[in-house]
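Undergrad: Sequence:
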Amino acid sequence: MLDWKINSEQAAEAIRKRIRVQPRVGIILGSGLGDLVNEIEQAVSIDYEEIPHFPKSTVEGHAGRLIIGLLQGQPVLAMQGRFHYYEGYSMKEVTFPVTVMKQLGIDTLIVTNAAGGMNPAFQAGDLMLIRDHINFTGAHPLIGPNIDEWGARFPDMSEAYSPDLAELMQKVAQRQGISLQQGVYVGISGPSYMTPAELKMLAKLGGDAVGMSTVPEVIVSNYLGMRTVGVSSITDMALGDQPASLSHEQVIEMANWTKPKFMSLIKSFIRELAEL
120 MLDWKINSEQ
130 AAEAIRKRIR
140 VQPRVGIILG
150 SGLGDLVNEI
160 EQAVSIDYEE
170 IPHFPKSTVE
180 GHAGRLIIGL
190 LQGQPVLAMQ
200 GRFHYYEGYS
210 MKEVTFPVTV
220 MKQLGIDTLI
230 VTNAAGGMNP
240 AFQAGDLMLI
250 RDHINFTGAH
260 PLIGPNIDEW
270 GARFPDMSEA
280 YSPDLAELMQ
290 KVAQRQGISL
300 QQGVYVGISG
310 PSYMTPAELK
320 MLAKLGGDAV
330 GMSTVPEVIV
340 SNYLGMRTVG
350 VSSITDMALG
360 DQPASLSHEQ
370 VIEMANWTKP
380 KFMSLIKSFI
390 RELAEL
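Going by the working numbering, the letters in the sequence shown line up with residues 120 to 395, in that order.
Take these hints with a grain of salt, some might be off.
[As the list claims (entries may be wrong)] Pairs of lysine-lysine, DSS-like flavour, derived with a Cα cap of 27 Å:
| # | residue 1 | residue 2 |
| --- | --- | --- |
| 1 | 386 | 290 |
| 2 | 290 | 319 |
| 3 | 175 | 290 |
| 4 | 211 | 290 |
| 5 | 175 | 124 |
| 6 | 175 | 378 |
| 7 | 211 | 175 |
| 8 | 136 | 124 |
| 9 | 124 | 211 |
[Unchecked claim] Cβ pair distances, simulated, as ranges:
| # | residue 1 | residue 2 | range |
| --- | --- | --- | --- |
| 10 | 298 | 128 | 40 to 46 Å |
| 11 | 172 | 360 | 40 to 46 Å |
| 12 | 166 | 272 | 32 to 38 Å |
| 13 | 175 | 297 | 30 to 36 Å |
If you're looking for bench data, these hints aren't it; they were derived computationally from the structure. All of these numbers come straight from a predicted model, not from anything done at the bench. No residue lacks a Cβ here, since even glycine has one placed at the ideal position from N, Cα and C.
Throw the hints in and build the complete structure from the sequences for me.
TA: So, in structure tokens, the structure goes:
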């Protein structure tokens, strides 16, 4: 745990030497959603390989760089690609960028992902506001000695996703004319997709969407006292009674299709976030 802290401080210092603005908002961009960084002005791009202790992205659709600059006039740091437990990284490595964001002074985190929809009221191409999550990964990023100056030994997760930020996201979606579903995201370890029986089980447990990311980062963002909001791009329908083959390429293709409304939503949200 001590290395986790020291390494994040060293990574943050290396980033701080290269940036032109003090980022306030962190954005983690999921599969196929990385093009939002093209909207960032006065941007500084840093490859993950150039940052001390940073893991490397190995998944298609995850470019593997930080982009720091102004989005809609707000100073942001965007991760164009994240890390996953199924890549072989530890949960502390998966969530390492969140600790670095905190060291840089970021207090608000936007998490995004591509997910399978388990709620029959959804359809592929929808966006879903994450209201809550279920950690079904079988692991936890905070196992081990606690860093008391970072957070509580037993962090409260009763409002893992900020109600204020969720309300703002809803209002922005309404003003933009974007239909925004709401639901519970189930985080699994992957890398295989779920069997029909597993999907039925997760739906019965209360899940509305399922994916292989997000939950570890949100646990750590709450531990560090960061306000957090999450949006899933529903790239396919994962209904246990309607089994269908699925590939990562299909997920990326649908994420690309939803990209325009996703980008419109996040950009408008960032613009209005300054008023909170």
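Undergrad: State the violated hints by number, sorted upward, taking the hints as numbered earlier in the document.
TA: 2, 3 and 4
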